[in-house]
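Chemist: If you want the building blocks of each chain, they are given just below.
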Amino acid sequence: MDWSLIFTQALGAAVGLNAILFALAAMGLNIHFGYTGLLNFGQVGFIAVGAYGLAISVSTFGLSAWVGLLVGMSLGVILALVLGIPTLRLRADYLAIVTIAASEIIRFTLGSVAFRDISGGSSGLQQFAGEIRAVNPFPPGNYAIGPLTYTANQLFITIVGWSIVALFAFSTYSTMRSPWGRVLKSIREAEDAATSLGKSVYGFKLQSLVYGGLAAALGGIIVAIGVDSVSPQNYMTPITFFAYLALILGGTARVFGPILGSMIFWMLLSLTDTILRQAIGQGYIPSWLMTSTQVGQVRFMMVGLGLMLLMIFRPQGILGDRREMELDA
Amino acid sequence: MPDDNTPVASDDEVVAGDPSPGIDHEAPSLGELLPTPAGRSGLDPRAQAAALLDVEPVPGVAKPDAALVVDNVRKLFGGLKAVDVDHVEFQRGVITALIGPNGAGKTTLFNLLTGFDTPDTGTWQFDGKELGGVRAHKVARAGMVRTFQLTKALSKLTVMENMRLGATGQIGERFLAAHMPWRWRSQEAEVTTRAEGLLKRFKLDHMTDQFAGTLSGGQRKLLEMSRALMVAPDVIMLDEPMAGVNPALTQSLLEHVKSLRDEGMTVIFVEHDMDMVMDISDWVVVMAEGGIIAEGPPASIGENRQVVDAYLGAHHDEDLTDEEEDETSRPVALAVKDRPAGDTTAPAPDEFLLQASSVIAGYVPGVDILKGCNLELRDGEFIGIIGPNGAGKSTLLKSLFGLIPIRDGSVTLRGETITSAPAHKLVAMGVGYVPQINNVFPDLTVEENLQMGLYLGTHPFAERLDVVCTLFPLLGQRRKQSAGSLSGGERQMVAMGRAMMSDPSVLLLDEPSAGLSPALQDEVFVRCREINAAGVSIVMVEQNARRCLQVAHRGYVLDQGTNAYEGRGRDLLVDPKVIELYLGTLAKVD
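These protein sequence lines map, in sequence, to chains A and B. In this text, residue positions in the first sequence follow the working numbering: the first is 48, and each later residue adds one. In this text, residue positions in the second sequence follow the working numbering: the first is 489, and each later residue adds one.
Read the hints as simulated data drawn from the structure, not as lab findings. Any given hint might turn out to be false.
[Said to hold, decoys possible] Restricting the straight-line Cα-Cα distance to at most 16 Å, the calculated cross-link-like pairs of lysine to aspartate or glutamate (EDC-like) are: (1) B/Lys569 to B/Asp608; (2) B/Lys626 to A/Glu238; (3) B/Lys626 to A/Asp239; (4) A/Lys232 to A/Asp49; (5) B/Lys746 to B/Asp763; (6) A/Lys232 to B/Glu649; (7) B/Lys968 to B/Glu936.
[As the list claims (entries may be wrong)] So these bits of chain A aren't anywhere near chain B, every CB distance computed over 12 Å: (8) Ala143; (9) Gln341; (10) Met372.
Note that CB positions come from ideal geometry on N, CA and C, so glycine has one too.
Isolated chain A, as found in the complex (with noise of 0.2 Å):
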C-alpha cells in the first residue's frame, strides 16, 4: 500500500478547507453550547446564509463581492436574531426545535423553483467570487508546500481561511477570560443565579447566539469563496451534528477544542477512505466482503464506532478536563 499518498491526503483533509468551515461551525458552537449551554441545532442555516449573502449579491444583485462579503455576515447576525429574539426567554428545547427547522427552510428555500431567478435553484450559483480572488498575491502557479501542492488560489484561501480560524480562536480566548464570558458560563450552570444577580440572562444568550453564528456565516463564506459556487445540497442538516461532532471530539468549552477536533475528523475521514480503498485495490479485503463503491459508507461507520470508544474511554473529548466533567449538574 501506498503510505506516503495516505497520509499526504489525511495531512491534506485535516488543512483544507472543510476543516477551516468545520472548525468555524464547531467553533461557534462551542461558544453556544460549550459556553453558554445553548442547543443549536441549525448551525448549517448559518453557513448557508453566509455563503448565499455573498453568492446573491454579486450573481443575482451585481454588487462587489466586498459589499457581498458583509451582506453575509450581516445576514448570519440577522439570523441569529430572528431565532433568537422569540426563542430564548423560553425553555433551552425551544431553540434546538426552531434552529433545526429554520435550517431546513433556508435550504429548501434557497434550492425551490419559485425563487430561481434569486438563488439559482438546485444548481446553485457559481462563479462570483473573483473579485476577491484577484487581490490573491501568490502569483499563479503550483506551490509546494512540504508534501502538499496547492495552486496560488487554494494557498490564498486556505492561507485567508486559517488566519480567520486563528482570529476568532483569539477572540474566543479573550472573551472567555473576561467578565462577559464568565457570564455566559454562569447561565450554562445556573441561569436563575445569573438573574438573581442582575445579569439579563436573555442579553448575553442573544450576544453568544450572534457571536456564535457569525462564525458559522463567515466559514460559509470562506468556502464559497474558496470552491466559487454555492448550491442548496452542500448546506444539508448533517453538516450541523458532523460540527457537533467535531467540537466534543475536541473538547467543549475548550478555545483549541474545536479546530483540532474538525482536523482530526477530517484526517479520520481521509485515512479510512484512502486505506480502505487502497486495500480493496490490492485484494486485501475481498470483494465478497466490501467493494470500493462502500468505501463511503463503511468509513462512516469507522469513525462513528472510533467516536463512540472515544466517549466511552474520554468522555472529556481530546482537550478537556475529566474532573470538571465529573462536576457535571
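Add chain B to chain A, keeping to what the hints say.
Modeler: Coordinates of chain B only, in the frame set by chain A:
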C-alpha cells in the same frame, strides 16, 4: 442544579480544620467590603428593631419605616391559590422571618417579589419604586437580591469566579470591552479584593481556587450568601438558608445573617428551623394557604393559636411518645403482609433480612466516601441512620440499592448476595427506595406516579392503591393533580406512597423529612412507624436525629464513612459521645 452524585467535600473536614467555623472577625467588616448605597447609610439597626415594638401584631400592619410594601399580590397555579397576600410591609434594617407550613406559598411569594415569576395581580414597591412587572435581573440591580432553597452554585466555575460574577456594573461584561483587558483589569482587581475579603469573612478563603462543585452543601450555602453580597444589596432574601446544613455550620450561618442586619441590610428569610427563627428574627410573618395569617415579634408568634394550629401542629414541643402517636395517627387498615407460601421458617434473631459488611464505595475514582460500613436489618425492624453532613449516610443507602458500585465488602438480602446488583432487580426482590430529592415524576399525575410504583405489575393496582391511600389519604384526594404542582411535603407523600405500591419488604428512605414543616415532619415519622408496624422493615437516613431515633428500634451513627456508634434509638439520643459528635453544642436533648 447540583446533583446528589456530585462528589462533595464533607462539612466535617471544614470543622476539623477550623474549630470555630463562624465569622472571621479579623477579616474586613461588611461595611468596608460593600459600597454603601444611600438607603443604608446611617441606619441604626437597633433603632429600626426598637421601632417595631410599638407595632401592633396583626396581619398587614403598617411599619414605621418599610423597605418593601406589598399589595394584593395573587397567583394561581392550576386553580390552586398559591399566593394571596392583601397587604404586608417589611421593616427596613431588621431581620424578618417568613414562616408557614409546606405549600403556604413562601417560596412562590419570594419568586413573585424578585421577578422570577409573574403574579396574576398585584403591586409592590421597594423604597417607593414600583417593582411589579420588573424583570428579575433588574430587581437584583435595584438592590433586592435573593438566594435559592436549592443552592445554585456554579459548579464548573471556581469559588472566586462565582464571587466575581456577583459584582454589578462590570465594564468587562460588555462584548467589545471583553476583548480589551486593559479596560477592565483594574475593575477586576478591585472586585477580586472585595471578593477575597468576603470569602475570608465567610471562611471560604481556603477554597478560593476550587471548583464550586466540590463544596459541601453547607459551604455552598455560604458561597451563595457571600456571592449575593457582591451585588451590595439593600434587601437580601434568603430562601431556607439552613436547609440541609449541619448544626455546627448553622451557628456560623446565623452569625452571618445577623451581621448582615448589623451592617444595615434588610433581611427577609424563609425558614423551617423554629430555633433559628426565634433566635435571630426581629419580626415574623406567618403564611398559610397563600395568605398572611399572622405577624408579630417572634415571642408573640408561639402564643398565636392560629399559627400553632396551622403550622406547628399540636405536638411540636413534645416527643412522639407511644400515647401521642396513638392520638395523632388516624385509624389505619393496613393489610398485614402475607409471607410467600414457601417461606414458613421464621427468621432467627441473628438471621438478617438485609446485611451490609465492610462496604467501601464512592463516586470519584480514588476517593472512598464509605470506608467500611456495616449494617444489619432484621425482619420487621426499623433502623435509623444519623450522622453529620458528608458522613456518607445517603451514599450508604445508594450503595445498598445498587445505585453506586461497591468497591469492596458485601451486601446480602435474605442471605442472598446482592452486592452491586442493579437497582431494578432489587425492586423485584422487594426493596423499595425513596431518594432524597427529585423523587417524584413532576409531569405525571399522582395516580400515574403511583402506577409507576407498580411498574413490575406484581399486584393488582386497585388493591395497592387502597392500601397506599389509606396510609396517605391526601394522595387519594389529589389523584388527578400533577405531582409537580404539589408542595414539598405532598411530594414526599407521593414518593413514599409510590415505593409502597410494590409491597416491599424493605424500605430505604433518604431524609424523608427534609424541607418539611415541623407538623409534616412529625406526620412523616408517624407514617413511617405505621408502615413499619404493618411489617415493612425500614432503613431511614435522617437529618432530624431526635425524631428519627425516637421512632426507630435501633440507630446507627455514621461519621466520615464508618460506623461511629450504634445502639437502641433512645440510648443513642442521650449518649454524650453521639451528642458531641453529631449535635454539637446546640443539642437539645430530652
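Chemist: Run every hint past the structure and note whether it holds.
Modeler: Consistency of the hints with the structure:
1. Under the criterion of a C-alpha separation no larger than 16 Å, the hint pairing B/Lys569 with B/Asp608 is consistent with the structure, at around 11 Å.
2. Between the alpha carbons of B/Lys626 and A/Glu238 the distance comes to roughly 15 Å, so the proposed pair stays at or under 16 Å and holds.
3. For the proposed pair B/Lys626 and A/Asp239, the alpha carbon gap of about 13 Å is at most 16 Å, so the pair holds.
4. Restraint check for A/Lys232 and A/Asp49: the C-alpha separation of about 47 Å exceeds 16 Å, so the hint is violated.
5. Proposed proximity of B/Lys746 and B/Asp763 is supported: the alpha carbons are some 14 Å apart, at most 16 Å.
6. Proximity of A/Lys232 to B/Glu649 is assessed by CA-CA distance (about 10 Å); at most 16 Å being required, the pair is judged to hold.
7. A threshold of 16 Å between alpha carbons decides the hint, and for B/Lys968 with B/Glu936 the separation of about 9 Å falls inside it, so the pair holds.
8. Separation of A/Ala143 from chain B is adequate, the least Cβ-Cβ distance of about 19 Å exceeding the 12 Å criterion.
9. Look at A/Gln341: its CB is around 39 Å from the nearest CB on chain B, clear of 12 Å, so calling it non-interface holds up.
10. With 12 Å as the threshold on Cβ separation, the claim that A/Met372 sits away from chain B is violated: the shortest Cβ distance comes to roughly 9 Å.
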